[in-house]
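For chain G, the structure is supplied; the task is to place chain X on it using the hints.
Top line first, the protein sequences correspond to chains G and X.
Taking the numbering used here, I'd label the letters of the first sequence as residues 1 to 313.
Taking the numbering used here, I'd label the letters of the second sequence as residues 314 to 621.
Since the hints were derived computationally from the structure, they do not count as laboratory data.
Do not take every clue at face value.
In silico contact screen, one side only, chain X against chain G (beta carbon under 10 Å); selected entries [as the list claims (entries may be wrong)]:
1. D350
2. V468
3. I547
Using 35 Å as the maximum straight-line C-alpha spacing, the simulated DSBU-like pairs for lysine-lysine come out as follows [unchecked claim]:
4. K537/X with K577/X
5. K577/X with K142/G
6. K142/G with K537/X
Only a predicted model underlies this, so the values are computations on that prediction, with no experimental measurement involved.
Quick reminder that beta carbons are idealized off the backbone N, C-alpha and C, glycines included.
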Amino acid sequence: MRRSLFWGVVILLLAALPPVAAALGQGFYVDLVRRIMIFAIAAVSLNLILGYGGMVSFGHAAYLGIGGYSVAIFAFYGVNSGPLQWAVAIGASALVALAIGAVSIRTSGVYFIMITLAFTQMLYYLGISIEEYGGDDGIRLKTRSQFPLLDLNDPLQFYYLVLALLLLSVFIVHRLVNSRFGMVLRAARSNEARALALGFSPYRYRLTAFVIAGAMGGLAGALLVNQVNFLTPEYMHWTRSGEIMFMVILGGMGTSAGPLLGSFGFLLLEDVLSNWRDPRWIGEHWQVILGPLLVLAVLFFRRGLAGIFARHE
Amino acid sequence: VIGWLDANLVSILNGFAIGSLLFILAVGLSIVFGMMDVLNLAHGAFFLIGSYLAVTFVAGESWGNFLAALGVAAVVGLLAGGALSGLTEPLARRPILDQALLTLGVSLIVAETLSIIYGNDVLSIGEPPGLDGSISVAGSSYPTYRLMLIGVGLVLALVVWLVVEKTSIGALVRASVADRDMVSAVGIDYRKVKIAVLGVGSMLAVVAGVLAAPVYGARPGLDKTILLLALVVIVIGGLGSIRGALVGALIVGIVDTMGRAFLKPVLGAFLPPVTADTAGPALASMLIYLLMALVLALRPAGLFQARS
Numbered sequence: 001m002r003r004s005l006f007w008g009v010v011i012l013l014l015a016a017l018p019p020v021a022a023a024l025g026q027g028f029y030v031d032l033v034r035r036i037m038i039f040a041i042a043a044v045s046l047n048l049i050l051g052y053g054g055m056v057s058f059g060h061a062a063y064l065g066i067g068g069y070s071v072a073i074f075a076f077y078g079v080n081s082g083p084l085q086w087a088v089a090i091g092a093s094a095l096v097a098l099a100i101g102a103v104s105i106r107t108s109g110v111y112f113i114m115i116t117l118a119f120t121q122m123l124y125y126l127g128i129s130i131e132e133y134g135g136d137d138g139i140r141l142k143t144r145s146q147f148p149l150l151d152l153n154d155p156l157q158f159y160y161l162v163l164a165l166l167l168l169s170v171f172i173v174h175r176l177v178n179s180r181f182g183m184v185l186r187a188a189r190s191n192e193a194r195a196l197a198l199g200f201s202p203y204r205y206r207l208t209a210f211v212i213a214g215a216m217g218g219l220a221g222a223l224l225v226n227q228v229n230f231l232t233p234e235y236m237h238w239t240r241s242g243e244i245m246f247m248v249i250l251g252g253m254g255t256s257a258g259p260l261l262g263s264f265g266f267l268l269l270e271d272v273l274s275n276w277r278d279p280r281w282i283g284e285h286w287q288v289i290l291g292p293l294l295v296l297a298v299l300f301f302r303r304g305l306a307g308i309f310a311r312h313e
Numbered sequence: 314v315i316g317w318l319d320a321n322l323v324s325i326l327n328g329f330a331i332g333s334l335l336f337i338l339a340v341g342l343s344i345v346f347g348m349m350d351v352l353n354l355a356h357g358a359f360f361l362i363g364s365y366l367a368v369t370f371v372a373g374e375s376w377g378n379f380l381a382a383l384g385v386a387a388v389v390g391l392l393a394g395g396a397l398s399g400l401t402e403p404l405a406r407r408p409i410l411d412q413a414l415l416t417l418g419v420s421l422i423v424a425e426t427l428s429i430i431y432g433n434d435v436l437s438i439g440e441p442p443g444l445d446g447s448i449s450v451a452g453s454s455y456p457t458y459r460l461m462l463i464g465v466g467l468v469l470a471l472v473v474w475l476v477v478e479k480t481s482i483g484a485l486v487r488a489s490v491a492d493r494d495m496v497s498a499v500g501i502d503y504r505k506v507k508i509a510v511l512g513v514g515s516m517l518a519v520v521a522g523v524l525a526a527p528v529y530g531a532r533p534g535l536d537k538t539i540l541l542l543a544l545v546v547i548v549i550g551g552l553g554s555i556r557g558a559l560v561g562a563l564i565v566g567i568v569d570t571m572g573r574a575f576l577k578p579v580l581g582a583f584l585p586p587v588t589a590d591t592a593g594p595a596l597a598s599m600l601i602y603l604l605m606a607l608v609l610a611l612r613p614a615g616l617f618q619a620r621s
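Chain G extracted, bound-state conformation (with noise of 0.2 Å):
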């Protein structure tokens, strides 16, 4: 009961941003929370490994880029075709997830962070090397992605596309992990020796949850492009890697509503504490108050921001 209430004011309050924004004169909250929503669908896909399977990718930025690459470089010859541009996003992402998770899963702890990070500190540095799309310097998304029945350069309709894609995401991650499925792969998280004295293979279980967080990554990456019509290597930095991985577990890991609280949290706070100008360092330099928050959270508050909504479960 409490979950579908919960679920039920994030639908409205998500859905009545855009009317309540326009009629206060702050459509620029539509343009920021459209973007959270995003990486939340990032973050949503990096819980299923992370949360549920308990695969520290420290490599997730890898799909952004690839999905907005995928849209970027069909925009560059002038191929403007949203579905075609988005099912390369979403293909090309499971295609490297697979080929990055093949290698990966068959090792674990540090040494699993530290190879999927270079995995993507390879993509990223490829990203760089190819002066035909911008190299360095990145290249502009002239014209976004377009569909039949649906116009991305009007603000609303890509906010509640986004929207739905998220909501979606949620879905399907929550589905994936409560059928048998979802249940072998949280069963090889907390005992893997367990789980295969039942005879199960924990590797083809992690390998297809890792293909299908690439492919949802991919998707936020096609997203993501369209959102800030401007594509760089930044996209894969492994900084930006450990954002994702920071908004899984500030709002929860292994947890539906965790993933979109931390999105949501995180963003935020960068957002007010970088257009912080008075006194003018805080702007500057907001990661000093990060820092402390992060060190408290971790000591104090260790189920994440969903953590105070379940407490009386």
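Same frame as chain G, now just chain X:
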């Protein structure tokens, strides 16, 4: 082969110099992780404290200044490591990720405070007197300071190896890496070992920052670059292994330097110059990650496994 070695001696020595520096930085990180599963992400920020200390003391001015910077760096490192040990104590039985996040928080505080104090400019210093020139090595001229770095790194490697392998303190550290519960069970206060190891490891990081300042200078963001390199080194070598840290550091130093020296001309041979100019350095940066992925694909726990 001799001719090739001769022609590329400077690149090879550069690789060794960077490798030595990386070893000083990585050995502490590796032991700390091997012993207590603390992935100390503040290690790079500690290094940056050292770099700014070198700038503050104008360490290139005289040997007095240089040694003062080193001395202060050692004290600051010990204290910082001890403090961090206390801070991570409540997390001793919690997952690696929690400790990593906590030390990440500490590193943000340190790095941002440094950039508030010193600004965003790249600050550089010279080498101390007598080391600021070049000397001739087998016919090529090479910076004296970098040659000294190689020496310091090798001496330190020897000292660390002797302490860890041949003394009773070292036996305690090795025992803690292998089985910390057993160490507690025989009546040794494991927390004291932890404070000491984190203290010495952090001291090495700050000292490495001072030593590196004439080469890298001091600038915001250097902490992250350095941390990433040190992590790559210890993961390639195998967490908790000193031999691994040495081999990993030299491999990373040499592969990175050689990549930068050779990829551009090699690519230039079959690509247009403009493309090669962009692609060369970027692909060279990619090399160490390619190496790490290869090593982990073949040996999922690094080259030298400290724990079975």
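Okay, the hints, checked on the actual structure:
Interface restraint check for D350/X: the shortest CB-CB distance to chain G comes to about 9 Å, inside 10 Å, so the restraint holds. About 29 Å separates the beta-carbon of V468/X from the nearest beta-carbon of chain G, more than 10 Å, and the hint is not met. Given hint, I547/X at the interface with chain G, holds; its Cβ is 9 Å from that chain's nearest Cβ, closer than 10 Å. Proposed proximity of K537/X and K577/X is supported: the alpha carbons are some 26 Å apart, at most 35 Å.
Between K577/X and K142/G, the direct Cα distance comes to roughly 32 Å. Compliance with the 35 Å bound is thereby established for this hinted pair. Between K142/G and K537/X the alpha-carbon distance is near 34 Å, which keeps this suggested pair within the 35 Å criterion.
The structure does not agree with numbered hint 2 stated previously, though it agrees with all others.
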